[in-house]
Amino acid sequence: MVAFTLNGAPAAADVPDNATLLQALRGPLGLSSPRFGCGTEQCGSCMVLLDGKPAYACTLSAAAVAGRQVVTVEGLGTPESPHPLQAAFLEEQAGQCGYCLSGILISAAALLAANPDPDEATIRRALDPHLCRCGSHNRIIRAVRRAARRMQEQGRAP
Amino acid sequence: MSNGFGAMLPAEDGRPRLPGSLHLNRRLSQWLAIHADGRVTIKPGKVELGQGILTALSQIAAEELDVSLSRIQVQAAATPDSPDEAVTSGSLSVQHSGSALRHACADARRIFLSVTSQRTGVPIEAIRVEDGTFLGPQGEIGSYWSLADADLLETEASPEAQPKPASARRLTGTSVPRLDLPDKVFGAARYVHDLRLPGMLHARMVRPPARRARLTALREGPLPGDARVVRDGNFLAALASTEWDAEAAAARLAARAEWQTEDSLPDQPSLTAWLREAASRGEHSVVQERSDPAAAVSHSIKRSFTRPYLAHASIGPSCAVARWQGETVEVWTHSQGPYNLRADIAKTLRCAPERIIVRHMEGAGCYGHNGADDVALDAALIARAVPGTPVRLLWSRAEELGWSPFSSAMLVDVEADLDAQGNLIGWRSHIISNGHSSRPGRGKDPTLLAASMLADPFPVHPSINPPMAAGGGAPRNAVPLYRIPALHVATTRLLEMPIRTSALRGLGATLNVWSIESVMDELAAMAGADPLDYRLRHLDDPRAADVLNRAAAMAGWRNRTKQEGRGMGLGFARYKNTGAYAAIVAEVEAAERILCRRLWIAGDVGEVVNPDGVMNQLEGGAIHGTSVALLEQVRFDRQRITSDAWETYPILRFSEVPQVQVELIARPEAPFLGAGEAAMSPAIAAIAAAIHDALGVRPRALPFTPENIAAAMDAEA
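If you're matching them up, the sequences are chains A and B in order. Each residue of the first sequence is one higher than the last, beginning at 1 in my numbering. Each residue of the second sequence is one higher than the last, beginning at 1001 in my numbering.
A portion of the hints provided could be inaccurate.
[Claimed, not checked] Not the full set, but computed from the structure, chain A residues with beta-carbon under 10 Å of chain B:
#	residue
1	F4
2	V15
3	R26
4	G27
5	T40
6	T78
7	Q86
8	C97
9	L105
10	P116
11	E120
Derived by calculation from the structure, the hints in this document are not laboratory data. For glycine and all other residues, C-beta sits at the position ideal for the given N, C-alpha and C.
Bound-form chain A, shown alone (with noise of 0.2 Å):
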């Protein structure tokens, strides 16, 4: 059994010690955001924020993060109280297939929080470890400048 914090509530999974994270938090605590992409850090597809750095959930032990923090989409925001990403990439229409986001998502979110005002060479640097296929890049980033200038105006803390 490991007991984390997932989501800013106290979580508990059954799981044995070879399990991932991206398994546990798909499997026994239900999540369906974290996505299995390729189990190697390759692509991104997996991210969570693990203490508030982006973590690859897919080649994580889920014992591990025992006793520490976990952060996926489903916390960062919610149809009725949408993080400020979540609304710009709604806004920006950032998406076609939308396999990569959960993943992106959250290093965007990784990014803001310790770069308020970032530029396009550093959203791109930091979304470099993400694929996506369908090449909806560029709205990605118009969506995550987007978010950074109204967490700006609203003196929002990430």
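Based on these hints, arrange chain B on the given structure of chain A.
Below, chain B without anything else, positioned relative to chain A:
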């Protein structure tokens, strides 16, 4: 009949012609249902691949019915109730499904209004529809909802229905937000990957270490948890209650399996030589020829272009869930063609298609015939071992990049003739390629991967090319749209298929458009003309000229200045010569390798249902093309595909993606032309031209890597 090429070839069956897929699926109730609670369900047979089709089709239905978009729900395609719209492919979904829904909804509106007119005595012309409510001169006289239970749609569509004229449309032609995107930014369970059924087990495949391999022994040994083996000939899988046990079990089985392997793949470094050699045993055909009178030939050039095998490289690996229940097999899948998949699963299981139920759920972005169909059969075969229990099979990244169908390696030889004025007067080309379709549902034998791996295996036939009437396969876009008096375009389809090939975005157009545009640039230079002017003087179609002029204006083509290490190039095509027009200007930077910095795209897709959706597709296709142009090639040794990870099959990343500007030329009165594939090939052509502008060398082999560009320099020197 569905032919599985995306196109529905017109059937001259004596019945009045109805638009799109409505002709073969004529009952209105197949297409829509009206509910007493104020909702409308539409039931397209085309599926969401990430291209945004559900939103466009919802707009079309809401427009014709005059109801708000929020009342429309889309029923996922499933056999046997959905209309059979063959395959969601060929950039044809709005033409096939949108035209059908437009007509069906216009007809539904006509029927509901005529019943209301008869009941109330208000003439039909005097009835207005406002968000589904029928208003006469004196006020409300009825609604769709009040007649929902009258079975009015249990009838064949009438050819007399009159969809709205372009001038009356208010919802189509606007950029309404995608209906699927909220789920995707909030991480909802929308993909087949997210399907969780009670008691569901997890499966993983164990793949052979070679394309041609025989499982000779499987050593006994313990497996983790409740894991078990499922085996049928060379088809080997692990099945367990949890994903981690299934994965661990598959790894143990892989270690315990003994395979007898053989060399069966060509030698990659001499792939071009193999294509020529295999073509000597291939099937030759003439695509198009004409010999109109022309001036005397003054100059001729002869060029060859090659393309490697390409992978689909979807971000999510293929996935399916299957369950056997008595005589019925139910499959949840991200297949592009539910009925075609059903046909091939039935062939493999040697049962009637009616025993198979195929339900579509979204997967990761789909750009052609990838592993979606294969994994569905795999899941059905595994689930057979546990009747009554659902089984979810997820492919690995290595399977997705190593075992999905690929787009064929290709070679084209081009000869072009100029007259003394520099006009293009002769064109001869010959394309060598495997076929570009091994989609399920057509042949007597199933084409799905596992079918050839069973103890009682099915033969694998070489892939085929869709007919030219459906856009062709290898020779797609091989006939230049430019005015050329004498022309001979031929192709040789290989009859051996060491690497399984099928349809990937653009099919043969990714090579053909680039080769045509590269030769055009060279001829322009010989004629002393600007590449834009040279194209324009060989084009009779004003819409082609319009996109070229628009893209040139967007990019400032006429005033471009030469910058050291930078180049600009132009690419144009009308997809399939019958679909959307796209012209693209690319700007590249030549450093240690080529980077594409900017793309300017002008598109004409005919009537536009959702401008933002079309621009998203054109931009996405052009970025896909940029990735193919600069990075992509399937690698293999004599036994197996070796580019089965993102490290070995890199695609374009955020820091390498060009800035893109897209403009659409509005044609509200024109027929739909499709959008999904139009920009990819012109982007490749434009990048090749920009490389020449920057470096003075014309690339001859995709991808445009430093090695391939160096080889082109050596060849020119």
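Of the hints given before, which are not true for this structure? Numbers 1 and 10 - these are the hints that the structure violates, sorted from lowest upward.
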